[in-house]
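Chemist: What follows is the residue order along each chain.
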Amino acid sequence: MNSTSRRRFLEVALAAQAAEIAVAHQHARTAASSRTPVLVMLGAAEARELEALASQIIPSASSPGAREAGVIYFIDKALETFDREKREAYRRGLEAAQVKRRELFPASESIAALDGGQHIALLRAIESTEFFGLLRTHTVMGFLGNPEYGGNRDLIGWKLIGFEDAARFEPPFGYYDREERR
Amino acid sequence: MSVRFRPSDTVDFVVIGSGAAGGVVAKELSSAGLRVVVLEQGPHLREKDFTHDEIKFFHRGVLVNDLKRQPNTFRKTEAEKAVRQPAVMYGRQVGGGTVHFTANFWRLHEVDFEERTRWGSVPGASLDDWPIRYAELEPYYTKVEQEFGVSGLAGASPFDPPRSQPYPLPPLPVKSGGVLFERAARKLGLHPYPAPMAILSKPYRGRGACTQCGYCKHFGCEVRAKSSSLASVIPMAERTGRCEIRAESYVRKIEVNAQGRVTGAVYFDSRGKEVFQKARAVVVCANGAETPRLLLLSKSSRFPNGLANSNGVAGKYFLADTGIEAHGLFEHPLNDYKGVHVSRLIHDYYDSDAKRGFFGGGGIDARFDWYPINFALDGLPKDVPRWGEGFKSALARYFTRSMTLLAHTSCLSVESNSISLDPELKDSWGLPALRLTFKNHPDDLNVQRFLRDRMVEILEAAGAQKIWADDAEDLVYTGHLMGSCRMGNDPRTSVVNGNHRAHDVPNLFLVDGSSFVTSGRQQPTCTIAALAYRAAEFMVQASRKGEV
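Those protein sequences? They're chains A and B, same order as listed.
130 is the number that my numbering gives to position 130 of the first sequence; each next residue is one higher, with no gaps.
1289 is the number that my numbering gives to position 289 of the second sequence; each next residue is one higher, with no gaps.
Honestly, the hints are just simulated from the structure, not real lab data.
Among the hints, a few may not be true.
DSBU-like mimics (lysine-lysine), calculated; alpha carbons at most 35 Å apart, straight line [claimed, not checked]:
(1) B:LYS1426 / B:LYS1068
(2) B:LYS1426 / B:LYS1081
(3) A:LYS159 / B:LYS1202
(4) B:LYS1253 / B:LYS1545
(5) B:LYS1253 / B:LYS1278
(6) B:LYS1253 / B:LYS1143
(7) B:LYS1081 / B:LYS1382
(8) A:LYS159 / B:LYS1382
(9) A:LYS159 / B:LYS1048
(10) A:LYS86 / B:LYS1439
(11) B:LYS1217 / B:LYS1202
(12) B:LYS1081 / B:LYS1299
(13) B:LYS1355 / B:LYS1382
(14) A:LYS86 / B:LYS1382
(15) B:LYS1217 / B:LYS1143
(16) B:LYS1439 / B:LYS1426
(17) B:LYS1466 / B:LYS1187
(18) A:LYS159 / B:LYS1217
(19) B:LYS1076 / B:LYS1299
(20) B:LYS1068 / A:LYS100
(21) B:LYS1382 / A:LYS100
(22) B:LYS1466 / A:LYS159
(23) B:LYS1426 / B:LYS1048
(24) B:LYS1217 / A:LYS86
(25) A:LYS86 / B:LYS1426
(26) B:LYS1439 / B:LYS1299
(27) B:LYS1545 / B:LYS1278
(28) A:LYS86 / B:LYS1081
(29) B:LYS1048 / A:LYS86
(30) B:LYS1273 / A:LYS86
(31) A:LYS86 / A:LYS100
(32) B:LYS1076 / B:LYS1439
(33) A:LYS86 / B:LYS1076
(34) B:LYS1068 / A:LYS86
Some chain A residues well away from chain B (every beta-carbon gap over 10 Å; in silico) [stated by the list, open to error]:
(35) THR36
(36) LEU79
(37) GLU95
(38) SER108
(39) ASP115
Virtual Cβ for every residue (Gly too), placed ideally from N, Cα, C.
Generate coordinates for the entire structure from the input sequences, incorporating the hints supplied.
Modeler: What follows is the structure in structure tokens.
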């Protein structure tokens, strides 16, 4: 599959009902209106572990990352609404990641408690698994998707990449079309 | 405002599908005084439904066929058993694919209608001439541009076919990617020009001008600046008072009588109830995948191989959306996510050239049709880390500084490339799933490799800091569904004649991408709509003479 067709494949591979999206929106708006976002699907311990993994995908060292964007709340909403069928994949994937963690670091107690180097070693060990692909997709969606879904808090993701969602833009848009007008 | 017919009313025409073809046919027939019911499987959405939400419209794909309820199967050759996977994509709402398309709006060239005559045969392919020529279609291309609203610059490309009228609207603003592309192409002696787009650069016929918001491909336009059939011809059809647009009506069979004439269509309504709409004639505009599927679903004692399929051609010679991309990273921000996706184009490599040693050609456009999530998931070069600080810093650097070149390329007609019914898998309505059998002709890939190298040259000449490109590979999933009920003068090798009337059934017409004999260089929508204007004119005349 070339990348054009792969893109198109991805574009629809996860097709779902519009109604489910509406539910997700409604839920996200309700959650967003309360000051502290609440987890519905994920337990606190499970959320901590997943957040630790997501924070390795988009880290927070240089600037706000997945953690500050609230990616975990996006994942929680997705598993509650339009990606309900992915719950089992999360459960099994996290279980397998724990097995891998104990294998690599027998003295460790949780993913969240690993140090920086250990985190990277664990990610390298699971980066080709299907679960990692799913978590990466959800992390990116939670970082760069509309804030109504629970992530991209304060537009952290869009600010990082230089994206702005507006009803209208006026040319010139960038450096080179501006240059052309001079 | 719009009229309602009862299923027991025998209307003049039932039109199945409401996209570039169905919308035009409905408008033309109803404007001529005929009574029309349009059956559309998807919903009737309005501007308020079209929001900026990448997760909903892009990743959940709510404007295209739902592969959970309407699964596909795919195989490369007839010897294989097909497996369940996404194979075809089409717009699924009133307006069809014109609602969510990028809005590239090219006319075919004169050569496209007679490539067999000009080039000769191609081993392993069924390259044929069309039964019509460009000159016959030109007035209808003009009508499409005027009624839909197209922005462009006539005469800007030396390769453009002759035209009787300029574009009704001036070109949309050039973007940074377009500027870089234009400079580089000129340096290389090529002929870049403003891409013709079915998007309004200025207010037109009661619709607003484009606001440059950047949400085109996979999105509906909230200001009606994108010239979909939903925004243009569908409201005109409804205003005649003789056309009912019946959404959420999924047709499962076209019925025939003992004389072999069609009598109407059976569809599932929104609650899954079967309804039979009676009609004097039926026009199928359901797209290049669903039109042949519906014929094959419409088996009867009179047509045991499927309706209008006595020669077994329905579904064969399927043509797909072939193309290849190359990408460049530049020093300064382009911000090409703003504005319509495409602003500049070349057709220098459109025609086949014997010196290249293979059939085919393509057009190359400069575009940015990425959104934040899909760029992060699939837009970065392969040597960028997939996670960690390296991934994050690449996102920050690449998103605003990248552009894509896309070569839209020829797809050769091959008899075994086909749409058929899967013998096992069913959709949610219990109908056999759509099965695609497809393997590219080697020249499809040869032309992609050739144009990939040309795109890399252009990006180099544009001063890209980094360039990355696709490999040419066999296609497994496609939009731009064409060729599967092709038109022709010979009833043994085609499904409809030059006027889109089925060879087997006098009151059945098929008009959409399925009518195409060759693929052109993709961007079929403008031609689909032009064919529909021409076919509808024939239907009106035949109707008045009592010959339908």
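Chemist: Assess, step by step, whether the Cα of LYS1217 of chain B is no farther than 35 Å from the Cα of LYS86 of chain A, and give holds or violated.
Modeler: Holds - the C-alpha atoms of LYS86 of chain A and LYS1217 of chain B are around 27 Å apart, at most 35 Å.
Chemist: Between the alpha carbons of LYS1426 of chain B and LYS1068 of chain B, is the straight-line distance 35 Å or under?
Modeler: Judged against 35 Å, a Cα distance of about 11 Å means the pair holds.
Chemist: Verify this label for me: THR36 of chain A is non-interface relative to chain B, using a Cβ-Cβ cutoff of 10 Å.
Modeler: Fine: 23 Å to the nearest Cβ keeps THR36 of chain A off the interface.
Chemist: Does SER108 of chain A sit more than 10 Å from chain B, CB to CB?
Modeler: Its Cβ never comes within 10 Å of chain B, the nearest being 20 Å, so this holds.
Chemist: Starting from LYS1081 of chain B, check that the Cα of LYS1299 of chain B is at most 35 Å away, please.
Modeler: Holds, at about 23 Å.
Chemist: Are the Cα atoms of LYS1466 of chain B and LYS1187 of chain B separated by 35 Å or less?
Modeler: holds, 19 Å
Chemist: Just to be careful, I want the Cα atoms of LYS1068 of chain B and LYS100 of chain A compared with a cutoff of 35 Å; is the pair within it?
Modeler: holds, 34 Å
Chemist: Against the 35 Å threshold, does the CA-CA distance of LYS1253 of chain B and LYS1143 of chain B hold or violate the hint?
Modeler: Distance of about 32 Å is within 35 Å: holds.
Chemist: Is it true that the CA of LYS1426 of chain B sits at most 35 Å from the CA of LYS1081 of chain B?
Modeler: At roughly 15 Å apart (the allowed maximum being 35 Å), LYS1081 of chain B and LYS1426 of chain B satisfy the hint.
Chemist: Given the hint that LYS1426 of chain B pairs with LYS1048 of chain B, does the C-alpha gap stay at or below 35 Å?
Modeler: holds, 34 Å
Chemist: Closest CB-CB distance from GLU95 of chain A to chain B, is it above 10 Å?
Modeler: holds, 21 Å
Chemist: Examine each Cβ of chain B, and state whether all of them lie more than 10 Å from the Cβ of LEU79 of chain A.
Modeler: holds, 14 Å
Every hint, counting from the list given before, is met by this structure.
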